[in-house]
Amino acid sequence: MKILSWLALAARETRGSSGRLVFFAACLSVGVAAVVAVAGLSNAVDRAIQAQARELLAADLAVESRRPIPGQVLTAIDGIAGSRRAGVLELPSVVSNPAASQGTDAPGPSLLCELKAVEPGYPFYGSLETDPEGTIEQLLDRDRLLVAPEALTRLGTAVGGSLRVGDADFTIAGVITAEPDRLAVSFTLGPRVLLSQEGLERTGLVGMGSRVRHRVLVRLADGSTTDDVALARSVIGTAIPDPEFVDVESYVEAQPSLRTGLGRVERFLGLVALLSLLIGGIGVAQAVRAWLAGRLDAIAVLRAIGVRPHEVFVLYLGQTVVLALVGSAAGAVAGALAAQAVPGLLSGLIPVQVEVGWQPAAMLRGIGLGVGVALLFGLRPLFDVVRVPPVRVLRRDVDPLPVRRGIAAAMWAVLLIGIGATAAVQSGSVLRGAQFAAGLIGATAALVLGAWVVIRAVGRTPRETGSVALRHGLAALGRPGSGTLGAVVALGLGVVTVLGMYLIEDRLSAQLDAELPDEAPSAFLIDIQPDQWPGVRAVLEEADAEDVDSVEVVAGRLRSVAGVPVADLVQERGRDRRWVLTREQRLSTMESLPEDNVIVDGALWSYPDRPEVSVEQEYAADLGVGVGDSLVFDIQGVPLELLVTSIRTVDWTRFTINFFLVVEPGVLDEAPRTRIAATRIPEASESTLQDRLAASFPNVTMLRLRQLLDKVVGILLQVGLAVRMLGAFTVLAGIAILAGAISAGAVRRGRAVALYKTLGMTRAQVAAVFAVEYALVGLVAGGIGTVGGIVLSWAVTRFGFEIAWAWTPAAYLVALISTVALSVVAGLSASVRALAVRPLAILRQGD
Amino acid sequence: MSKKEPGNVLLSLRGIGRSLPSGGRMLTILDDIELDVRRGEFVAVLGPSGSGKSTLLALMAGLDRPSTGMVLLEGERIDQLSEDRLAVLRRHKVGFVFQSFQLLGNLTARENVQLPVELLGVGDARGRADELLAAVGLSARGHHYPSQLSGGEQQRVALARAFAPRPALLLADEPTGNLDGATGRRVLDLLVALRAEEGSTLVLVTHDPAVAELADRRIHLRDGRIEREETA
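One line per chain: the protein sequences are A and B, in this order.
Here the working numbering is used: the first residue of the first sequence is 2, the next is one more, and so on.
Here the working numbering is used: the first residue of the second sequence is -4, the next is one more, and so on.
For the record, the hints were derived by calculation from the structure and aren't laboratory data.
None of these values were measured; they are calculated from a predicted model.
Distance windows between CB atoms, simulated:
1. A/R749 <-> B/D203: 33 to 41 Å
2. B/E71 <-> A/A837: 49 to 57 Å
3. A/I418 <-> B/S142: 37 to 45 Å
Derived coverage of chain A by chain B (criterion: at least 3 residues anywhere in the stretch with Cβ under 8 Å from a Cβ of chain B; other residues may be distant):
4. 308 to 322
5. 384 to 398
Every residue gets a Cβ at the ideal spot worked out from N, C-alpha and C, and that includes glycine.
Take the sequences, apply the hints, and build the full model.
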């Protein structure tokens, strides 16, 4: 038979099955839409970051360190022909409005801000937008600064007013409306204050133990190529004396850490999206099975007139592929449209300006995954066509022969491997793909078992009492071969996903949002100079601060760990948790440990001849040290070797002052130090305390725990919303499957309706019988899904995040009721035609 | 071509038995059937319900396999062929007419008739379909779907489809069983006329003696055995 004839036959064979095939396509569309939306959005964001890479860096190259950039690096930059550089310093500090206090005893309002001191030339790329407009040179000098609009409101001042930063007063020259190198999504301590470097010097804040981020932005000669950038990078790199503490980044890499982070988010969301596609796969299997069940006679005729078994298989496989293409293409279009709407809905989560567009690569990937999933799930039922005996043309009661066990097992294997493969594609890792597949298969198996047990129990429930609708609904659910198991499992998986995600997010935000523990401090004061402490303490006492705790700390850097230079360890480790080695370490001395510290290995101050250090357990694991190893620190240029003599655990959830590294008393006596303090004050007094401290000790930074946690909760809620929106696709897929299963049984249902009506039931009564059946399906799916969601969220919060678990019955109830309602609505919508059947029309048809 | 010469044996059934498991024991449907059908012959198979008529027809077409004995079509033993070989054999040599018409509901009348010719992959399928639809008087209804045709019309389309690939052997299972008397008669006349025109060998299962009257030979089955044979 010629190819064209085959194609024509395949096309003709789909006639009349359109209703059923719509469900087939819908099952795929939902999942493909989710996959495409995630991939399309992340592609667009990634492309936007790359396209705006220079603007986001404000330079061709940036050199960054927690210490001043060494002179040899600056010399090396100046040696590159045609290059220009601009220094940028960033640090958090409390800023106040002294004018508001004039004529009163109370200090003016204060606000924790992020200071940024820039040199002329900044930004080399992108534009700093200000009101009034002007260049850095025009707007900033030693006495004038720019602020973000929200700082003006919160400090009760305006352009032209004055602000106190550190020890110096400034005039507000204007507001910042856009800053090229500040990402919209980054976590910030407060609004931006932009000053000149001379201005920052005047504040006296630098060099007082503050957390300053030093950067030098470099612009290469116009027309420089990426090769020139690479060359410049290597020139700068070789000039750096201690590369482990200095980072060089070029625009060519386009925000590597941001993109790594976004990549992780994309892979996670990609798997959530894949889940809805795989649930859709269950629907595909169901739709194919129902479709072929209605084609058995036609298949038998084809076989009788000489079509070979494998030709029948190819015929129906081809139709499946075409339908999958149609369903996936529709889903891809819907997904691309959804991706275009997301930036408007979740603006807080998108780090850059994004034009999403149509994303052909993401659409193709979605279509590929859609067709792949359709084939994976459709293969097993499709194989049944090979086993339709042609003699069925003479004897209709002859059923298809069972597929051989070996072949059935092989097909299951293909399905499982295929699920793992699609997950590997979505997560970019074979291991993660395998883990996802294993988790999904385990969860599905548990749901199948649960659903089977419940449905069986329902089937055996005595039905002598209760309303007609209830009795018939119970009978319909428990009837063998009712086809509701697949729908229950699919819908249940959707409920697990959405409810599980919601509960995890709810627990996390509840934990962060909860009242702090009674004994926990509510504010931390950092960068207190030793001579300021009595004064700060007096301010705290005046403000009725309770449980003031204070410790002196010495800043230092790790030089070597167990004899291995940190530079070598950094090289080995790459970017993964590199901060453990390169951050500025805070060393404290203590005679005895706070009560929430427990020694788990070694003994405190047990080695008379050597200076000792006690290391927190998880930090020690990160560093890779144990009792007996040595750590060498660099304290303001002086090396200090410490022997690890004890490892201890710390209860961080109490928020009290604690350190990864505690040094034996006496060892740090000669080192320059600052002091930190923790205290508990009523929420209403926090602002007043901050204002007073800002007025008297402007270099002291007060961190308010409640405010910080609120910011984290804000971000978490947005992420949670995004995950739940995607999770909703899994429920949609479940609903599509339920509707498909009901539609597949339309003939049987039509006959039942005819019989019910013949026996005297009104249409409303028949609808009630069906509604009870669908409500029971929703109840079983919702119940099992809710249990699954609770187990999932319990395991994740308890063991993943290690936070307390709590029951939230209201959420479970909402999940259950919504599932029942959705199930009834979807079920009745899919039964409209069956309900309209006239008794005679069906009864005349016979079998 | 020797194939078209009348008189030589087209189909042979040798010692055919067929039994099926039923209620824990084997139920004998056919037992020790010996039968030769000559080329160009019209054989009617008669018998009451359950006598094994349809099973005999299924065995002749290679739709079913005997429990004992062998089936030879044009001298080739077909009861041991693979499903694939059997399909190709039916495609080239066997045509069917069923009591319940068995038209493909998704295909128009013309497409139903075209299909077997398309399967062969030779000749002008469309032309052949038009020719046969004209022969059964349905030229004007080629674009209609089976559900839009009356029972008699559907069976006439089925006749056209059966003859389309010019099969050596035509098997008909109660072709008038679902039709009223007049319509049935008309379909039967068409079947006989087309057979004469195409020179096909016809085995027809019926329980209607009037239909069997038209055959060259009548085989009477009872309880799975050949009870008697009559020649016209």
